[in-house]
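Residue numbers (this note's numbering), protein chains in the order written: chain A, 2 to 1041; chain B, 387 to 688; chain C, 214 to 336; chain D, 1212 to 1295; chain E, 13 to 246.
If you're looking for bench data, these hints aren't it; they were derived computationally from the structure.
Quick reminder that beta carbons are idealized off the backbone N, C-alpha and C, glycines included.
Among the hints, erroneous ones may be present.
Unchecked claim - Result set (DSS-like, lysine-lysine): computed pairs, CA atoms no more than 25 Å apart in a straight line:
#1 A:Lys-153 x C:Lys-335
#2 A:Lys-104 x C:Lys-335
#3 C:Lys-335 x E:Lys-43
#4 E:Lys-169 x A:Lys-28
#5 A:Lys-104 x C:Lys-241
#6 D:Lys-1239 x C:Lys-279
#7 A:Lys-287 x C:Lys-279
#8 B:Lys-417 x A:Lys-985
#9 A:Lys-344 x C:Lys-241
#10 C:Lys-335 x D:Lys-1238
#11 C:Lys-318 x E:Lys-168
#12 C:Lys-335 x C:Lys-324
#13 A:Lys-104 x E:Lys-15
#14 C:Lys-322 x A:Lys-153
#15 D:Lys-1239 x C:Lys-241
#16 C:Lys-322 x D:Lys-1238
#17 B:Lys-417 x B:Lys-592
#18 A:Lys-153 x C:Lys-318
#19 A:Lys-349 x C:Lys-335
#20 A:Lys-154 x C:Lys-324
#21 C:Lys-318 x A:Lys-154
#22 C:Lys-335 x A:Lys-154
#23 D:Lys-1239 x C:Lys-322
#24 A:Lys-28 x E:Lys-168
#25 C:Lys-279 x E:Lys-43
#26 C:Lys-241 x E:Lys-15
#27 B:Lys-417 x A:Lys-287
#28 E:Lys-119 x D:Lys-1239
#29 A:Lys-954 x A:Lys-890
#30 C:Lys-324 x D:Lys-1239
#31 C:Lys-322 x A:Lys-154
#32 C:Lys-241 x A:Lys-154
#33 C:Lys-318 x A:Lys-344
Stated by the list, open to error - So the derived list for chain A, only partly shown, Cβ under 8 Å to chain E, looks like this:
#34 Gly-14
#35 Phe-71
#36 Met-202
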Amino acid sequence: MVSPYFLLGIGLGLAFLLGLLGQKARKSSSILILVALFSFVGISFSWLWQFLQENASVTQFFSAGFKPPFSIALQVGLHEAVLTSMINVMGLFSFVSLWRNMKDGNEKLGPILLILFMGLNMLVLTRDIFNVFVFLEITAIALGGLILFDEKKHARSAGFKYLIASALISTIYLLGAVLIYFSNGSLYLDDVMALNNMSPMAIVAVFLLILSLVLELKPFPANGWALDVYQGANPAIGAIVSAAIGSTMLFLLYKLMGMAAFMQEFLIAVGLISFIASNLLALVQKNANRLLGYSSIGQIGLIISIIGLKDILGDQFLFVAFMILITHFLAKAGLFWLSAMLKSDELKAWSVFRKKSVLLVLFGIFIFALIGFPPFPSFYGKWTLIINLAETHNYYLIAAILIGSFLEAIYLFRWLGYAIKVDFTEYDEVKINWEKLIPVLTFGALLLASGLYMAHLMPGIEDITLWPLLFILAIYLLDFLPAYIKNTISIAALAYFSFIILPPYYEKDLLRFIFLGIFAIGGILTLIAGYAYKGKRRGFYPVALLMYAGLIVLIQAETTLSFFFGWEIMTAGSYFLIIRGKRSMEHGLSYMLFSIGGAYAILAGLGLTFAQTHNIDILSLASVTVHAKLIFLLLAVGFLTKTAALGLHIWLPGAHAEAESDVSPMVSAILLKAGVFGLFILMIAMGKNPEVASIAYILGWVGALTALVGNLAAAFQEDAKRLLAYSSIAQLGYILFALAMMSHLGWMTAMVYSLNHFMYKAILFLTIGAVVLRVGTHSMYKMGGLIQRMPLAFIAVLVGIIALSGVPPLSGFAGKWFFYNAVLEKGWYFQGAIVFFSGIVAFLYLFKLIYSVFLGQLKDNLRQVKDISIWFAIPIYVLILGIMFFSAKPEWVLQPLSDMLTQWYPNTSLSFDGLYINSNFGYWSGTGVMITIMIMFIVLLLWLWILSRKVVKVKQFNIVYSAEAPQRPETTHVSYNIFAGYYKALGWIVAPKISELWNKISDFVVSVAHFGRMIYTGNGQTYLVHILAFIVVTFLWFLN
Amino acid sequence: MEFDFKHLGFTLLGLLIVLNWGLLMSALMQKIGARVARRIGIRLYQPWIDLIKNYAIRSQISHGIMFYLGPVFRFSGGVGIFLFMPLIVGSVMWSNYSFQGDLVLIMYFQFFGMLGMALGAGESGHPNSAIGISRGLAQFTAIEAPLTLAIISLAIQYNTLSIVDIVEAQQGGIQNWSAWTNPFATIAGMLAALGSMGHSPFNLVKAPNEIPIGPPTEYHGTFLGVLRTNAAILHVMEAALFMNLFFGGANNWFEFILKTFLIYFWSVFVGVVFPRFRIEQSVAWFFKIPLIAGVVAIILFM
Amino acid sequence: MLLSIENIALASGILLILIGLLGALTNKNIIRMIVAFSIFDTGVNILIVTFGYMPGRTAPIIDGAKVTAQNIAQVAIDPVPQALVLTAIVIGFGVTALMLVFALKMHEKRKSLDINDYTDLKW
Amino acid sequence: MELFSIILLLVMGVATIGSAILALTTKKTDVAILAAGAISLFASIFFLVLASPDVAMTEAAIGAGLSTFLFFVILRKTEQNAEK
Amino acid sequence: MLKNSFIALLVLAFGVLLFHGVVKLYKVPEKLNRTAEFYNSNEASQIGAANVVTAVVVTYRGLYTLGEVTVLFLAASVIGFFLKRKKKTAPVDAKPAGSELMTTASKVLVPGSIILGVYVFVNGHLTPGGGFQGGAIIGTAILLLALANPTYSISKKVFHWIESISGFVFVAIGLAGLLLAGGFLDTRFLPNGEMLSLFSAGAIPLIYSMIGLKVGSEISGIILELNDTQPNQD
């Protein structure tokens, strides 16, 4: 093994020698430093190789040929090898990223950087407690020097604050180190760790050491100086502080915690407080670098608490800590480097990355990695963390971690939303230099690679789930192709899936077959509409496929982990799909926040489950015994955020309405079914548990009220897509209600509704979307009379609304019929009545939709409009055929469904007798009704036709209108606020109380954040006071 | 149950009876209304004359395809309800096609006609059509609330959703009628019936045609004839539905005619006495006493 | 004994630490803050050296007379604290120097040495 | 010898604390710097008494000498800058 | 002032904690602890430096010294870089000569000081003091020179060279220890020699000389840089 002293030799030797070169030979000195940093990387990689491949054992290298404690030992083990590799890679790329800064006569920058990274290496390696102090100071001074070279406006005052803070902190460390020596006569870490019972002095000493390291890691609230450094310094230096120095200090803390088991609780508390508090305060932050600082502090806080959780996590500790650390390390460095490319500090300035889509993608990768989305390492880290915390019954910690993560998600996604949506014309264009680009690219690639690699290590993730992700990556690389080619590839991918993977499920698992079918076939159909788009449609296909991949993984999942994996992938993909819409920035954000909140509820629920079952099989939910109620509730809430149940629905209208025309059906008709599937799985597994009955009862009410409020709200909309979105909320309310009944008939209802909703909502959204593309507005009152211009669209909407309303003979009636029978059987009469009533209310909005858009007076500006694009018409009419088939031969679909459901509910009153479907209460023959009505309709049509063959078509304004002939269509098209009277009577039900509630909550949080961050006065002395107060308070706490 | 042509004959005969009874009944009601208002009123055969006149008118205008289809939908709605409604207790031949679906089918098929009419009128481009329809739909939702509760109550009571079975269960004397055994459901149902018959005070829906405009004006000639034919059938069938649900059904045609007359008369009677509601008033009204009655009806049978 | 060498030294050390700290926290002038920091450092150094002191013993330097290679373990004090303090002093100087350069550079831009004038970065 | 040391230290201690208070309270920065230098000088005597001649030398050379010098240089420069 | 009294209270609390948590726990040790015992007992035979502190600082725990050198190097780099005036435009003779007394004194003192400094670092293994102290003394001598002769200028390049080479040699000696003897900074690759003589204690005198040269030249370099920018002094 290469001796680590060569790091010292190379680093210092070169730094000293460079004085000889003088100012002229700057270029060659830069290259020499680069070589030195390369050699650092080489040395640490060689260690890594030896540990990973050759199973080398931990080796200590002693200085001066004596054994410690009489000399200083540098230890090289696997941990050290990993950490030094990270640091040295960071060092190399930091130097690259600062390449241009070296030009401006700052020839000292290189040696200082070299010494800084050498110092960090030594901090990782050394086992001598006082030596740590020396290298802490070297690090501090080197960093101070780096900041001093910084040309940014406030870099120097920030650097000064940093220096005085670190002077105080390192003195505390010095005191601790000296006391350690006096207490046991050794400065060798292993000696101290071997002590069985520590003297009081040793305990105080260890306390001071740990305290000062924690202070170095910027705990809340003693961290104002760090924030100022992040904000004030060059982002490339911020990257070093956050990624390299942060990681080093964390490792140091971990190393020294070997002798301070009694301080674990302290670490947990401090870490989590920092995690939550800094993420909270970050909510109101507008400066990108400072925001990154808050985020860094938060992440580091989380890792601090994980270090404190070492004993609790046991075997999993290293995995968890490393996963989160590596994500923080790569992502934060990447983000800071991205920031370094921009002139402006504003969050919104990041929108200029839109012009360089590679950078935007990298930005997205970093953000998603930080939040803990798959396939990034932090996903596995957080998963394992939560699972293990649940297993050890640390529920409050789970709550704290999830709250903190949620807060973090808020601002990070808002920021990403800015980057994707905000107008960037007022910001300077980003100029990409190779030396800025290379580090970011490398780290982004490393992040992806590490995530994909990690998936192999995790039990419960099948390799096959990663193939779609690689495929998506490939699609992204093909992004330069025109849309129709990518569309074809995407359809081919889904078609391949449909033909290869889907059919076996028919025999194996019908439930999954149905949902997979909805996702795959729905995916193909909605993608066909994509042919209507010209140009390249950059970024659309990767994210659409990401969503479909997530959905498919979700359904195929056999383990809770891959279920959650799919859930998150799907969320990520759909977020990008939604945010593509024109005005969808805030809707995308609220979608994401509700999704993440829901995902965390699911995570917590799955964690609690694992704690009891010790099994990640998804059906292990069934064997839950304790906390069944809580688990059921958490999971249900998680799924309900996706199905937009009342109270959790406020994201949906905007998100669905503002999405692109072919995206709306994807996210409405298809995506929502993911939540339904989740609920199905949940109820299959846990429905038999008597404890959950009461929650199911509540869910039934929630479903009923959702249906009511959704439909009522839809009736009062003026925006066609918003109307449909509210309609989706209501439909999902029906499904929730039906599922909650937990009976054979109830689930039949739910299945029928799911299938139907998929078809008619896809038809309606596709049609309306296609119309919107033609007319250029969502507002229904601006349309009208389009039946003359768009007969195809009209027929589609007509079929859609008849099916949706449940009027026989179309398939919607099947849902109503099952619904009635299920309600009567279950005895949920009042809820049932509410749902039924809301079903009637549906007529209001359905009429409004078809009337306002297609009937009434054709507007002048729409006289030349063409019928919907053929690419929209194809999927629409395929779906209409589907509805017609289902309506004419419902038993073909219903009988297998019923048979399938008998595996969970064997006692059913449902029987199939030829064309008849019988229950305890009633009977129904879909085919018979269809035939009867068709014949009758045709006969009557003929009757009218015979009697009135000489019908004359009159002109538009040829109506009897109070002796006046109207001239303008607008004056005779009554559409705006058409249900005013109804609103007067029942509008109170849909008053936006829930949105107000959420707004109040968010206002409250924001004001807390505003108030909280006032402690950061910007005065270096105040920061010192904070640190001192922190010391005093923890000292007092500790003496107790 | 299988379909046969004899059945079809009985169905057509039943349709004829119902149509003529409906026309006569509407004349009777207008006559009664007029007499109460101390007018002479129309001749009893006037509806037939009107109908023939309408069908005979030659000039016919259309605003478009949906305008044309609207009456067809409407007519199908009326005839469809007739088809799925059992008329005479215990008679296979007079039970029409009720074997194809139960009460739920009838409840939902009501909308078929309404929807078609709404769309047809909507295409006429007349603003008042849209206003009338919006009011109609709004009021209709309110009517359905108590009616649903009443029907659920009955379904609980008789443990079935089949109208045939419900009627069967009420046989054997007046004391077995739902009106006695389930009075609250009957109250809710009959109050809802007021609304669904569309007489005052719930006739705001048709109000626009008093200032002579609105759907019936745009529709004239054959279209109006079709609509009139449908109205005659629909009124009888709505009365028949309530008869079947609450008043023991009919054992013969005489009973059918008597009961439907009385039920229909109930709405006219109320209409003569009370003034018209505005739409928000009528919606709110249905959410008061009728709704409470329905809730009580369910609670009693839970 | 209250008035022993080490007690006086300890008292002086702690007082220096506290005074230095107070100065660093209350003096608004940046250079004065740095001065206070160096006083604080000196106090810490005195504290450490005092901890390492053993009454009656001499410095661990073999002079061949009083202290020889044989008796040094009995007559001389612990060399390690001295080594630590030596290091700490030099490092303290490095930190002080860097702080001073910062002070100078800050002053160059703003013409002010008042720490209250450097609160642009906050919240 | 012992007593002498104690008295010497006592005097030194009082002088040190006095200088420290002076450094803290004085209005003039250069006085404060001088006081800090004096403290270092006194401290090196402390170190000498505490049987640490190496530390004493270092403190005298670096704490009292170099540091004080650097303080003055910087102070002068800031004053110079302020004049400009 | 409320804020200041709060701070005073805080500092007081810190003092109380320091007293209770640290000082009260301190007991005057009866005998040397194991590390000190080892150093004091074995140093003479292992390293052979009369000054045990030097042996500890340079050999046993030589990394500390290397760290110190690094810190000074960093500080000197930064100071030197930032205190340097961009370009001198004023003519040289704008600077008045130092006072007569100063000039005379410096003529005597400067060589003496330099010799003293060299003595201190060369004898670091025998007597108190060593590279840092010696270097600082040499720096002071250069300061005197600069004060006496503001116009006096020595080529700074020389100092740069001395600094770089001595620093590098120090590191190289360290590596030589790693390669030739027991470990990094092991000074025993040179013979221990006879106790109390100049050429004893292995490579310690060499190392201390290098450090002395490096520190001295660093400090001198800074002072000379400053001298270039010294204002008129009266």
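Do the hints match the structure? See the list:
1. In summary, the hint linking A:Lys-153 to C:Lys-335 is supported, as the alpha carbons are separated by about 16 Å, within the 25 Å threshold.
2. For the proposed pair A:Lys-104 and C:Lys-335, the alpha carbon gap of about 31 Å is over 25 Å, so the pair is violated.
3. Restraint check for C:Lys-335 and E:Lys-43: the C-alpha separation of about 52 Å exceeds 25 Å, so the hint is violated.
4. Taking the CA atoms of E:Lys-169 and A:Lys-28, the gap is about 20 Å. The hint holds against a cut of 25 Å.
5. For the given pair, A:Lys-104 sits about 36 Å from C:Lys-241 by alpha-carbon distance, which is inconsistent with the 25 Å threshold.
6. With a C-alpha separation of about 47 Å, the suggested pair D:Lys-1239 and C:Lys-279 falls outside the 25 Å cut-off, and the hint is violated.
7. Proposed proximity of A:Lys-287 and C:Lys-279 is contradicted: the alpha carbons are some 70 Å apart, above 25 Å.
8. Of the supplied pair hints, the one linking B:Lys-417 and A:Lys-985 is violated, its CA atoms being roughly 36 Å apart against a limit of 25 Å.
9. Distance restraint check for A:Lys-344 and C:Lys-241: the Cα-Cα separation of roughly 33 Å exceeds the 25 Å cut-off, and the hinted pair is therefore not satisfied.
10. The straight-line distance between the Cα atoms of C:Lys-335 and D:Lys-1238 is roughly 29 Å, outside the 25 Å bound, and the hint therefore fails.
11. Restraint check for C:Lys-318 and E:Lys-168: satisfied, since their Cα atoms lie roughly 24 Å apart, inside the 25 Å limit.
12. Taking the CA atoms of C:Lys-335 and C:Lys-324, the gap is about 21 Å. The hint holds against a cut of 25 Å.
13. Annotation: proposed proximity of A:Lys-104 to E:Lys-15 is violated, straight-line Cα distance about 46 Å (limit 25 Å).
14. Restraint check for C:Lys-322 and A:Lys-153: satisfied, since their Cα atoms lie roughly 12 Å apart, inside the 25 Å limit.
15. A C-alpha spacing of about 13 Å is found between D:Lys-1239 and C:Lys-241, which places the hinted pair at or below 25 Å, so the restraint holds.
16. For a cut-off of 25 Å, the pair hint linking C:Lys-322 to D:Lys-1238 stands: about 24 Å separates their Cα positions.
17. Distance restraint check for B:Lys-417 and B:Lys-592: the Cα-Cα separation of roughly 20 Å lies within the 25 Å cut-off, and the hinted pair is therefore satisfied.
18. Of the pairs offered as hints, the one joining A:Lys-153 and C:Lys-318 holds, with about 13 Å between alpha carbons and a cut-off of 25 Å not exceeded.
19. Distance hint between A:Lys-349 and C:Lys-335 is fulfilled; the C-alpha atoms sit about 19 Å from each other, no more than 25 Å.
20. For the suggested pair A:Lys-154 and C:Lys-324, the alpha carbons sit about 15 Å apart, so the restraint of at most 25 Å is met.
21. Restraint check: the Cα-Cα separation between C:Lys-318 and A:Lys-154 comes to about 12 Å, which is no more than 25 Å; the hinted pair holds.
22. A threshold of 25 Å between alpha carbons decides the hint, and for C:Lys-335 with A:Lys-154 the separation of about 14 Å falls inside it, so the pair holds.
23. With a C-alpha separation of about 23 Å, the suggested pair D:Lys-1239 and C:Lys-322 falls inside the 25 Å cut-off, and the hint holds.
24. With a C-alpha separation of about 22 Å, the suggested pair A:Lys-28 and E:Lys-168 falls inside the 25 Å cut-off, and the hint holds.
25. As the CA atoms of C:Lys-279 and E:Lys-43 are separated by approximately 18 Å, the hinted pair is consistent with the 25 Å bound.
26. The suggested pairing of C:Lys-241 with E:Lys-15 holds, with an alpha-carbon distance near 13 Å, which does not exceed 25 Å.
27. Restraint check for B:Lys-417 and A:Lys-287: not satisfied, since their Cα atoms lie roughly 78 Å apart, outside the 25 Å limit.
28. Distance check on the hinted pair: E:Lys-119 and D:Lys-1239 sit about 34 Å apart at the alpha-carbon level, beyond 25 Å; violated.
29. With a CA separation close to 38 Å, the supplied pair A:Lys-954 and A:Lys-890 exceeds the 25 Å bound.
30. Simply put, C:Lys-324 and D:Lys-1239 have alpha-carbon atoms about 18 Å apart, close enough for the 25 Å limit, and the pair holds.
31. For the hint pairing C:Lys-322 with A:Lys-154, the CA-to-CA distance comes to about 10 Å; that is within 25 Å, so the pair holds.
32. Of the pairs offered as hints, the one joining C:Lys-241 and A:Lys-154 holds, with about 22 Å between alpha carbons and a cut-off of 25 Å not exceeded.
33. For the given pair, C:Lys-318 sits about 23 Å from A:Lys-344 by alpha-carbon distance, which is consistent with the 25 Å threshold.
34. A cut of 8 Å between beta carbons decides the hint on A:Gly-14: the least distance to chain E is about 4 Å, and the hint holds.
35. Satisfaction of the interface hint for A:Phe-71 is found here, the shortest Cβ-Cβ separation to chain E being roughly 5 Å, below the 8 Å cut-off.
36. Residue-level restraint check for A:Met-202 holds (minimum Cβ-Cβ distance to chain E is 4 Å; threshold 8 Å).
Of the hints listed earlier, those the structure fails to meet are numbers 2, 3, 5, 6, 7, 8, 9, 10, 13, 27, 28, 29, in rising order.
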